[in-house]
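Novice: Those protein sequence lines, which keep their order, are chains A and B.
So the first sequence is residues 1 to 404, counted in this note's numbering.
So the second sequence is residues 1001 to 1231, counted in this note's numbering.
Hints are computed from structural coordinates only; laboratory data are not their basis.
Just so you know, not all the hints are guaranteed correct.
[What the hints assert, rightly or not] With beta-carbon atoms standing in for the labels, derived distance ranges:
1. A:Leu389 with B:Leu1203: 48 to 58 Å
2. A:His217 with B:Lys1111: 56 to 66 Å
3. B:Gly1209 with A:Gln181: 51 to 61 Å
4. B:Val1217 with A:Lys25: 26 to 36 Å
5. B:Glu1106 with A:Gly214: 39 to 49 Å
Don't be surprised by glycine CBs; every beta carbon is placed ideally from N, CA and C.
The primary structure of each chain is shown beneath.
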Amino acid sequence: MLEKLMQTRLFKWLDERSGAEAIIKSQLTEYPVPKNLNYMWNFGSLALLVLTIQILTGIFLAMFYKPSAALTYGGYTVAFDSVERIMRDVNFGWLIRYMHAVGASSFFVVVYLHIARGLYYGSYKGPRELLWIIGVVILLIMQGAAFFGYLLPWGQMSFWGATVITNLFGALPVVGEFLQQLLRGGFSVGDPTLNRFFSLHYLFPLLLAAIVGGHIHALHVVHSNNPEGIDIDKKDTIPFHPYYTVKDAFGVGVFLTIYCYIVFFNPQMGGYFIEVDNYTPANNLQTPPHIAPVWYLTPWYTILRSFESKLLGVLAMGASLAILFFLPWLDRSKVRSSRYRPVYRQMVILFFICVIVLGYCGHSAPTPTLKLVGQIATGYYFLFFFALLVLPKFEKTKPLPDRV
Amino acid sequence: MKLKSILFAGLMAASLVAVGPAQASEGHGVELKHAKVDTTDREQLRRGLTVFTEVCMGCHSAKYVTYKNLMDYPELALSREEVDELRGDKPLTAGLITDLSPEDAEVSYGKVPPDLSVMANARRGGADYIYSILTGFEHDPEGKIPDGNYNLYFPGNRIAMPDPLSWLDHDEADTEMLEQQAQDVAAFLAFIADPHQNERRALGFWVVGFLIVLTIVLYLLKKAVWADVKH
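Here chain B stands alone, though its shape is the one from the complex (with noise of 0.2 Å):
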């Protein structure tokens, strides 16, 4: 009787669960490419770095990461010198805010570009999704959306945002430069978007092993305590 107990617990938390994965892939029906990321890859981190900087940062903020972040969080470690290199005359403590203002955004692209700090969380998929967008430009089989405005991949197809790393009809030649580019700067999207999720799972590591060990201890005590009483 108490393994069936145990066993009806586990069923209903699991069934609680288990709706879970049925509803991820809910969307607009085209699947995600699979983004080679590692978020402890610091060589991957900085380039991905540069691409932000270089690229998105024409249009786009990350304004929860500072330049000092930039130095601080181990994955990437930047020095002094490439951080003053890359802010200028801005402080150390400003965030990674676009030199675009809002106003002209609004001008020039008809809405003002989202911020990217959280976007690998806000987004299903996550660093996939960003991977897939940005290698994701291509002509409208219908030839209603205009060149650079249709994308497989964002729900509706129009998409605002230029062809950033000009993938639509690129030099066959450059295909892996690019997709790299791709997965570098999701990776770096997926770091930023949760900075401390390195250390969050190597102190888990420690954490849930303790606790394991602790459990089994307990089992034992409970056993040991209840040995006397008969059922």
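Pulled out of the complex, with its shape left as it was, chain A reads as follows (with noise of 0.2 Å):
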């Protein structure tokens, strides 16, 4: 089909002034990946279906949501008032913002995978290194965009999470209340906090939109890394249109089904995806009986709860993303993938199991047990970044086939 549409007389119009069959040629229908790429691979491109439901549904959203704090009757503010609107009484306003809410949360299920299959088939070493680092600014611009817009309904954890958050800035020596007051627009999270927030909100997936651009630039000058982690020869390579297209699609197809079902039968997914006490109205003098992030910030809130100082516990989270960025130079081992890695891949899934226990503790109230639980996965979680560097003088690899 591609074909037939690239001998009409309008497409070589267009080719003529803007290469538009070379760029199809050397990003689709000749651009080589790996043929053995499992269905762990389906997870980058579901990365980018995600990332344009959230900016389509957050346009409309923007076209009815309003971001003032100011109050209205029964203690409710313009803003919940106007999230309210949008699930009453806008036309499919409810689709829209579910899809939204649940697109959240999709995002980062989707990205974790993806993170996940990247750590354990080697994808952040050389030559991705950039590819890699590029995906950890996705990541933490990602993570910012969320903690925006869950201010946005001005409910009762929308308020208390963004005070925690905003006071964590507050701990850091010098610049601290500078930027904690900067963050909020004042001495406390308020209207001028919402308008801000709602601003970066807007802004933070426009720059997504452009980095993934140069994530994709990057993986297309590199290439794909595989199940085996080997350099792959030429013959071992398929075009991507239309070998992964249609994979690509099938996987849409099962996420979308998954993704669909959630909307249209659970959109709150108990208090996960949409958090109970969110629907209680933002009140700065009733603190919520248990404060916790939503469940994809959980695991670096308790980094943070596991240290004592306030300090310590904030330097201690922003290491726990920071370090991700000096992964490829940690890792010294020549073996790309978990396959032929034995000591590796238990340390991976150990890591894996460890983010799963964090996430955990940060959502539940914390208890004394579940904060020794907590500071032994933080304990993990750095080690195992350090343990890479000595790992390659005690780990026997297996031998790498020639061929995939």
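Hints in hand, dock the two standalone chains.
Specialist: Here it is, written out as structure tokens:
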């Protein structure tokens, strides 16, 4: 079908002025992809899909949403009222908002699996270091965008979550107080905070879109890693189109089925995608019994809470994300894939479990036991990265195949 | 290997979600009563509306629900006459707002009764929680909290809302009627918390159904395209 389209006069006209044919060939019909990619390689295209869903639904939500903390009848605010108006009175507003809210959590599910794939098969190793670094930047911007967005409904969790997180910046020496007030637009979270968060929540996805372009460009320079983690012989590659377009389309089908099932039948996901307490309007005089961020930020929240000193906690949380940038150089092994690294394989699986445990601890009300568990998991989180420095000295890797 | 990686992906996803149920039961330890609630049952919703306007609205509002909504939502579908009788001289576009002023409420109960528009979403347990609270007034076993302010299901047990259905020391013969009223109003509140929920589920049936068929077709297409790739 694509070939036929490329024969048309319209396409020829376009090609002469844009080089469209060369782009299509180099990026799609002649772009080489290893033939042995498994379904873990589907999450990149899914992340792009969810980003698109988020931007599109977000544009429509912004047409009806009003970022104002001015009080209205019954202890509500203009912002909360406008969200309820979207849910009740805007045509299919409920659908667009639930798509956006479920989309936020789906984005993290998909991206976390995408990152786990990269870790498991060593996709961060040379020559893909820059690709990995851009990916980490994307993760950080995503987390920022999600955090800003969560304030907008102006519910109890919006308000107190933003209060807790902006408080963290206050713990930093010298610049802390300045940063905290800059973020809040005042001494506490209030109307100015809501306005700037709304602005940033609209800005960050546009940054994401641009950086994702860079991520894909970097990928297309160094090409995909594969489950064997070896450099691929030209004979073992197949063109992206039609092979991987159709495989990605199948992945999209599976994803959309699950996503739509949640959107239409369980959009709050039992308080995990939209927290129960966020249906109570923000009240700066009443702290909710238990403040926890949405599930996708809880692992880092646990790292923060694992330290008695607030400053240490903040630094550890920052370090836990910053360390990802250095992973390509911390891991000294020449072998990429876990399939040929028996010790690393155990370590990385334990690392995944550890992140899930961190997430669980961050979501639960703090108890001494959970705190200890969280501290142990935090310890392993960092140990994992530093152990990689010396691991090649002990690890006997399996012999690599020449071809896949 | 392929199967393994799918399992691996599934496991990751499942474990991210599975943290859920363990958490949901967290609370203050008392298991909620199960409310028989059907947000598509017009009769139950209308009975619930009556309880709401005659009992709850003495103090509470549901400001996001307008009188016009009561006519327009197909689940309720009140007639113009019925709505006119309910609203008196209030405009059709007014929300269901109590005549009790926040100031008077503060004096009488020590706090302003919360708006109930989204209450079923704002509490763990939703309709079950509302039903349990309404039928949870008891005598304080320790005798500290006065009658009418002790509720078995309210966190901390001390509730500012006085027993609205007169559940405490009710006549044995009335149990069934009171339980029914509590469930009806729980159903009404569960409905208005998300008034497009029935439309959503009905539409979702077709959307998910279509996607399952599409996904099967795409899988077959993938198999056909990949037929010539040797592993």
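Novice: Run every hint past the structure and note whether it holds.
Specialist: For each hint, the structure was consulted:
1. A hinted range of 48 to 58 Å holds for the C-beta pair leucine 389 of chain A and leucine 1203 of chain B, which are about 54 Å apart.
2. Distance hint for histidine 217 of chain A and lysine 1111 of chain B: a CB-CB separation of about 58 Å, consistent with the stated range 56 to 66 Å.
3. Taking the beta carbon of each, glycine 1209 of chain B and glutamine 181 of chain A are about 52 Å apart, inside 51 to 61 Å as hinted.
4. In this structure the hint that valine 1217 of chain B and lysine 25 of chain A lie 26 to 36 Å apart at CB holds, the actual value being about 28 Å.
5. Look at glutamate 1106 of chain B against glycine 214 of chain A: about 57 Å separates their beta carbons, and that is not inside 39 to 49 Å.
Going through the hint list in order, the structure does not satisfy hint 5, though it satisfies all others.
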